Amino acid sequence: MLTQLEHLMRAPVYGTDIVWGKPKKVEITSIDREDSIFMAENKDGSGGVEIGLVLKKHEMEKFDSVFVNGLKNL
1 MLTQLEHLMR
11 APVYGTDIVW
21 GKPKKVEITS
31 IDREDSIFMA
41 ENKDGSGGVE
51 IGLVLKKHEM
61 EKFDSVFVNG
71 LKNL
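The UniProt record's numbering puts the last residue of the sequence shown at 74; the count rises by one with no breaks.
Wrong hints could be hidden among the right ones.
Stated by the list, open to error - 35 Å max Cα-Cα, derived DSBU-like pairs, lysine-lysine:
| hint | residue 1 | residue 2 |
| --- | --- | --- |
| 1 | LYS43 | LYS56 |
| 2 | LYS56 | LYS72 |
| 3 | LYS57 | LYS22 |
| 4 | LYS62 | LYS43 |
| 5 | LYS43 | LYS24 |
| 6 | LYS24 | LYS56 |
| 7 | LYS43 | LYS72 |
| 8 | LYS56 | LYS22 |
| 9 | LYS24 | LYS72 |
| 10 | LYS62 | LYS72 |
| 11 | LYS62 | LYS24 |
| 12 | LYS57 | LYS72 |
| 13 | LYS57 | LYS24 |
| 14 | LYS22 | LYS43 |
| 15 | LYS57 | LYS43 |
None of these hints come from the bench; they were simulated from the model. Being a predicted model, the structure only gives us computed values, none of them experimental.
Work out the full structure: start from the sequences and follow the hints.
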């Protein structure tokens, strides 16, 4: 069961310039959570999204199978 959903769709995560420059890759992680999804703007700003998913190993294997088969049917 999904217990956490976070999004930064309106937050310019790739546009933030921290002392050493703009990030090349952004990921939000937490070692104390599972069953989580994170969504953020994509790097090139073309309107796409990046999605991070945290599941237990057996759940991720099921998700992987469903996701890959779904892509084949597009």
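Hint check against the structure, violated hint numbers in rising order: Hints that this structure does not satisfy do not exist here, as all of them hold.
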